[in-house]
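These protein sequence lines are chains E and B, in that order. Residues in the first sequence are numbered consecutively from 13, following the working numbering. Residues in the second sequence are numbered consecutively from 13, following the working numbering.
Don't take each hint at face value.
Identical copies look the same in the list; a pair holds intra-copy or inter-copy alike.
What the hints assert, rightly or not - Distance condition first, Cα-Cα at most 25 Å in a straight line; then the derived DSS-like pairs of lysine-lysine:
1. LYS351 x LYS179
2. LYS241 x LYS149
3. LYS303 x LYS232
4. LYS265 x LYS232
5. LYS145 x LYS188
6. LYS77 x LYS358
7. LYS265 x LYS133
8. LYS303 x LYS347
No wet-lab data here; the hints were simulated from the structure.
There are 2 protein chains.
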Amino acid sequence: MSMKYFLVTAVMISCSIGCSSDTENKTVTEKEDDKKISSHSDPLPSWNDGELKRSIINYVATITKEGGPDFIPVADRIATFDNDGTLWSEQPLYFQLFYSFDQVKAMAPKHPDWKDKQPYKSVLDNNIGDLMKQGEKGLLQVVAASHAGMTTDLFESTISQWIDTAKNPAKQKLYKELVFQPMLELVKYLQANNFKVFIVSGGGIEFIRAWAESVYGIPKDQIIGSSIKAKYDYNNGDPRIIKLPELDFIDDKEGKPVAIQKYIGRKPVFAAGNSDGDLQMLQWAASNKYKNFELYVHHTDSTREWAYDRKSHIGTFDKGWDEAIAKKWAIADIKNDWKVIYPFEKK
Amino acid sequence: MSMKYFLVTAVMISCSIGCSSDTENKTVTEKEDDKKISSHSDPLPSWNDGELKRSIINYVATITKEGGPDFIPVADRIATFDNDGTLWSEQPLYFQLFYSFDQVKAMAPKHPDWKDKQPYKSVLDNNIGDLMKQGEKGLLQVVAASHAGMTTDLFESTISQWIDTAKNPAKQKLYKELVFQPMLELVKYLQANNFKVFIVSGGGIEFIRAWAESVYGIPKDQIIGSSIKAKYDYNNGDPRIIKLPELDFIDDKEGKPVAIQKYIGRKPVFAAGNSDGDLQMLQWAASNKYKNFELYVHHTDSTREWAYDRKSHIGTFDKGWDEAIAKKWAIADIKNDWKVIYPFEKK
Chain E
13 MSMKYFLVTA VMISCSIGCS SDTENKTVTE KEDDKKISSH SDPLPSWNDG ELKRSIINYV
73 ATITKEGGPD FIPVADRIAT FDNDGTLWSE QPLYFQLFYS FDQVKAMAPK HPDWKDKQPY
133 KSVLDNNIGD LMKQGEKGLL QVVAASHAGM TTDLFESTIS QWIDTAKNPA KQKLYKELVF
193 QPMLELVKYL QANNFKVFIV SGGGIEFIRA WAESVYGIPK DQIIGSSIKA KYDYNNGDPR
253 IIKLPELDFI DDKEGKPVAI QKYIGRKPVF AAGNSDGDLQ MLQWAASNKY KNFELYVHHT
313 DSTREWAYDR KSHIGTFDKG WDEAIAKKWA IADIKNDWKV IYPFEKK
Chain B
13 MSMKYFLVTA VMISCSIGCS SDTENKTVTE KEDDKKISSH SDPLPSWNDG ELKRSIINYV
73 ATITKEGGPD FIPVADRIAT FDNDGTLWSE QPLYFQLFYS FDQVKAMAPK HPDWKDKQPY
133 KSVLDNNIGD LMKQGEKGLL QVVAASHAGM TTDLFESTIS QWIDTAKNPA KQKLYKELVF
193 QPMLELVKYL QANNFKVFIV SGGGIEFIRA WAESVYGIPK DQIIGSSIKA KYDYNNGDPR
253 IIKLPELDFI DDKEGKPVAI QKYIGRKPVF AAGNSDGDLQ MLQWAASNKY KNFELYVHHT
313 DSTREWAYDR KSHIGTFDKG WDEAIAKKWA IADIKNDWKV IYPFEKK
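Work out the full structure: start from the sequences and follow the hints.
Written out as structure tokens, the structure is:
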């Protein structure tokens with residue numbers, strides 16, 4: 013949460029207790045901005061009105077104003093979004109893990125050594141606690157194993173089938189229903205303003221591409237993630253690409269700016285994440301010569317979604333939170349900033 | 013050269029000697045197609061009229077015809093172009109090598125071991141023959157060394173400066189002037205028909221991105237190439253990405269379909285190359301479920317450009333040529349198919 017935003021929120025909270033109107037403490041400019049938001053069709057209807065929503069809209073207005081001092085040419089309007097915890101939920105575990113567990117269990121008969129070998133043992137024992145202790149690398153090994161040896165075509169069809177049917181055990185909703193309506197609106201709003209929007213996720217690149225294009229409206233080639241190695245097989249004239257059981261690249265932390273450079277070749281001007289794994293991506297955007305916007309999503313709603321931050325194994329938000337405060341980056345407090353969380357909540 | 017195209021060309025060549033009109037041997041459909049080309053503004057003015065030009069235009073018309081049996085949805089209109097020898101010349105050596113030689117020579121004082129160590133020794137001795145004997149891997153090592161330890165920003169500005177001033181020793185033209193006008197028209201024509209056009213090159217990804225966006229009209233994030241590893245450096249809040257002297261990925265031969273899957277996530281429907289290094293990319297496109305188009309550029313003009321194929325070290329066109337003939341892929345014979353080769357030849 014940026015200091016400015018913190019102060020304004022504090023004002024708004026005290027107002028909701030003791031003020032007759034929540035606009036009384038606003039400056040003239042802020043009131044005019046509110047008028048602009050309400051007089052046009054609202055591009056972010058699922059965001060509560062307030063400083064954060066206003067700052068996003070002001071940013072977009074400023075950098076798209078031709079001839080203005082902060083104008084950004086269209087080619088440089090690159091926006092990068094984390095996926096897990098930023099565009100959809102990530103509890104009780106990253107959703108891709110549930111997919112991978114199902115796959116590892118199905119593959120286990122062909123890998124008898126897995127029952128005594130970590131991290132597979134934990135999966136087969138349904139011992140999530142033990143699995144989590146093995147850290148991100150252990151989790152990614154499970155993910156890699158669940159892809160290995162498959163052709164890309166088979167993998168895509170398998171995941172498509174899963175995403176259309178599998179439900180989150182805590183919410184009893186399809187995983188693909190647990191995307192964040194306010195973030196869908198934000199992606200669409202940026203695209204409408206000629207931003208090229210990318211996903212830059214620690215999750216598996218092929219996993220996300222298999223379903224996210226239609227769900228988020230982001231083309232496959234604008235989806236970047238962690239990857240395993242693959243090889244081309246001519247296969248007597250019916251060529252295929254086979255995934256190998258070897259990590260290629262972990263698109264997390266320092267890996268995110270590296271992946272952005274590799275896949276996009278441009279520094280983003282807008283970056284959004286929710287965890288320490290996104291910190292370097294936000295730093296990278298913050299170093300852009302153009303006016304830039306850094307957004308952290310803070311999971312604060314234990315009723316409608318989940319509440320977690322510094323001490324969570326999934327989506328740890330600790331160093332990133334400190335740096336966001338120090339650097340006055342925007343922080344979306346889900347409980348207070350989001351009118352609606354999931355699309356199915358809309359009337 | 014496809015057999016069909018070969019036969020039509022043979023007819024046209026005999027006609028240019030003995031026939032009163034080069035349209036006499038054409039079918040009614042072909043005559044109608046010619047009329048279509050001439051009655052609309054010609055999208056490929058630097059291509060000579062003939063079977064190849066007609067087949068490109070017919071292909072685009074067919075797959076963009078909504079409701080037609082071969083219609084391709086916009087999201088699947090992926091076109092991939094090789095760069096060296098396909099979009100610009102590549103003789104007497106890949107242009108990036110000339111850049112790398114200049115860099116290696118400039119860096120040599122800091123690397124005294126290079127004067128006895130291949131492949132650097134050959135560069136410092138100006139012994140191109142010896143360098144070529146070390147194959148593509150040796151060349152890529154030189155390229156990697158010329159990038160290593162630089163920040164991406166510095167690399168980009170260095171190459172931008174070079175591309176604006178350095179001249180090809182054989183043609184005495186700026187390298188960036190030696191792009192193929194007919195291919196620029198083809199890229200633009202496909203883009204106008206909602207193809208997403210990518211470069212998939214064996215050359216260095218950062219090298220091409222530094223100049224190709226403005227020259228070809230292809231965005232940086234749609235340029236794929238060979239890469240070296242890189243790391244993120246926080247640098248006390250002024251973050252940068254530093255290139256490392258270690259190969260990451262060679263985007264050639266089997267690497268091209270792998271890179272296409274990794275960066276794009278979709279099989280192309282249109283692929284163009286000029287050498288055996290592009291064969292797997294063309295095979296990959298040819299296996300698309302949608303109607304697809306494979307194009308090889310054959311360097312046959314020793315006067316206006318260069319003539320080379322099976323026995324050339326640069327841009328070897330041997331296995332690819334055989335497979336193109338066997339599979340009836342299109343082959344652009346530069347001497348006969350291209351009215352103009354370079355943009356500066358246009359009146």
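For each hint, the structure was consulted:
Taking the shortest alpha-carbon separations for LYS351 and LYS179, only the intra-copy value of 24 Å comes in at or below 25 Å, while the best inter-copy value is 60 Å. Proximity of LYS241 and LYS149 under a CA criterion of 25 Å is satisfied in both settings, with 16 Å inside one chain copy and 20 Å between copies. Taking the shortest alpha-carbon separations for LYS303 and LYS232, only the inter-copy value of 21 Å comes in at or below 25 Å, while the best intra-copy value is 27 Å. Both within a single protomer and between protomers do LYS265 and LYS232 lie at most 25 Å apart by alpha-carbon distance, with minima of 22 Å and 23 Å respectively.
Taking the shortest Cα distances, LYS145 and LYS188 never come within 25 Å of each other, neither inside one copy (27 Å) nor across copies (54 Å). In this assembly of identical chains, the alpha carbons of LYS77 and LYS358 never lie at most 25 Å apart, being 32 Å within a copy and 38 Å across copies at closest. Neither within a single protomer nor between protomers do LYS265 and LYS133 lie at most 25 Å apart by alpha-carbon distance, with minima of 27 Å and 39 Å respectively. Taking the shortest alpha-carbon separations for LYS303 and LYS347, neither the intra-copy value of 28 Å nor the inter-copy value of 50 Å comes in at or below 25 Å.
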